[in-house]
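*Asks:* Each chain, letter by letter, is given below.
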Amino acid sequence: MKPGFAAPLVNGALLGAAVVAVSPLLWMLSVSLMAPGEASTFPPPLIPARATLGNYRELFAHAGIGRYLANSVFLTAAVTLVSLAFNVTAGYAFAKLHFTGRDRIFKLLLGALVIPSQVAMVPLFLLLKHLGLVNSYGGVIVPAMAGIFGIFLVRQYALSIPDELLEAARIDGASEFRIFRSVVVPLLKPIIVTLAVFTLLGTWNDFIWPLIVLTDNSLYTLPVALASLSREHVQDNELMMAGSVLTTLPVLVVFVALQRYYIQGLMVGSVKG
Amino acid sequence: MRFERAAWWFVAPALSVIAVFFILPVLAALAISLTDFDIYALADVRNLRFAGLGNYVKLLETPLFWHALGNTLYFVLVGVPLSIAASLGAALLLHSRVARFKPFFRTALFAPVVTTLVAVAVIWRYLFNTRYGLLNYALGGIGIHPIDWLGDPRWAMPAIIIFAVWKNFGYNMIILLAGLQSIPEDLYEAARIDGASRWRQFLFVTLPMLSPVLVMVGILTIAGYFQLFAEPYVMTQGTRKVSSGGISGPLPPLPSCSFS
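Protein chains in written order, with our numbering: chain V, 796 to 1068; chain F, 820 to 1079.
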């Protein structure tokens, strides 16, 4: 390839790929602002003749989307907070504290990482039913309170904490929990943010498990509600697009704001293979 | 052992959650698969009988299983190479020295990965619409007749593959990009001095150096694509034909089973 041609060719291809990647999302936003029925014409319109927020108003007033939004926000916040607490303490302990069988347990966990979660779903459902957690927020939160991937991510990062630092604090008479709170957590901050972003996006986007465990309409998360709404409103494209915007926009905003941490975590996590 | 006890306090919460809500159900799934577990056994464990490999034999005798397995293999065999090719292409472009606005392009290309699957499936279902869909409109521009993407059993799988590649290629792109960045520059320099063309540099430097990452990405993608469920579940709902589902596709969602 001649050097003169390379730059326009590469940048042109990148631009094309970016258009393919992003245009369905931009188009979703555009259709969500159209009047009912406007998108069901040929040729498909690219921008609304007169932008309106009517679809969003309709979703909040009649489809009860406010409730689903609240469910999603609450469940995502609860899962993220609890699982962070559990995974960060465990990840640190696997890296820096000594207890019998530590390395053997860690190897077992790594092995279990390859088991797809679908395998566990039916017995997990029965177990939660036994515990009275089916069709409740607890059914979503409890199984997600800790995860092998999160522990692994934190452990890899915590390995780099110098032992001398922890020893010095011990000599000063600090308890293990005190050391964790005042020395370890500040050092682990970057990976904590990374894991928080991962958990947040994963929980918000999760579809199959909430679909299985939540049967009551009023407990639905946004993705579950959207799937069920789209079955009732097959023809109401504009309304469904507004619902899709409400579901996707929060995660896209979080991703764009914190993408540095997310992509860094992806690279650390990918070393697991 | 003060330290030992403290350490256990750190790992106990996470380990108990994983043991009770993941390991135990996985083992139970294995054990139950060897029994005649049903609603009667649910009421009273004494009704449970050991069935050996009977359930597996029954599954293998079910035509729907083979049909679904065939669909899943179709999805994996076509979808995985396409997906990785798209990821590699995008990673090479982003890695190119002449590429501009790299952070912007990286974010744009990665955006579909973080979107909510159900929401973007709704978008694509509309893009694939036979009458009003943009895709058929664009194809009409080059003289191709409208395709019934999600209704025609022959086109449902290509449609789902297109959607899956669009949704997922950014993930592997980032991993491959990290792999490309770790290839030492002097290897390319040596190849250039030997007079190797761009294409030969790609074949004999980039590909071999990238192969460990490619293998890993391949395995992870195959594992992921075998678990295809939500894409056909959301996209072909209503018009769903059994023939377009993956292994898990044609199953009714659990809440409608007799457990509740």
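The hints are simulated quantities; they were obtained by calculation from the structure and are not laboratory data.
Each hint should be verified, as a subset may be incorrect.
In silico negatives: residues of chain V with every beta carbon more than 10 Å from chain F [unchecked claim]: (1) Pro819; (2) Ser835; (3) Ala844; (4) Leu864; (5) Pro918; (6) Ala963; (7) Glu971; (8) Ala1022.
Subject to a maximum C-alpha distance of 20 Å in a straight line, what follows is the list of computed EDC-like cross-link-like pairs (lysine to aspartate or glutamate) [stated by the list, open to error]: (9) V/Lys984 x V/Asp967; (10) V/Lys924 x F/Asp863; (11) V/Lys891 x F/Glu823.
Source: prediction; values computed, not measured.
Ideal Cβ placement from N, Cα and C applies to all residues, glycine included.
*Asks:* Now tell me, hint by hint, if it's right for this structure.
*Replies:* Hint by hint, here is what the structure shows:
1. Pro819: 5 Å, violated
2. Ser835: 5 Å, violated
3. Ala844: 16 Å, holds
4. Leu864: 13 Å, holds
5. Pro918: 4 Å, violated
6. Ala963: Fine: 15 Å to the nearest Cβ keeps alanine 963 of chain V off the interface.
7. Glu971: 4 Å, violated
8. Ala1022: Check fails; 5 Å does not lie beyond 10 Å.
9. V/Lys984 x V/Asp967: Violated - the C-alpha atoms of aspartate 967 of chain V and lysine 984 of chain V are around 23 Å apart, more than 20 Å.
10. V/Lys924 x F/Asp863: With Cα atoms ~15 Å apart, lysine 924 of chain V and aspartate 863 of chain F stay inside 20 Å; holds.
11. V/Lys891 x F/Glu823: Holds - the C-alpha atoms of glutamate 823 of chain F and lysine 891 of chain V are around 12 Å apart, at most 20 Å.
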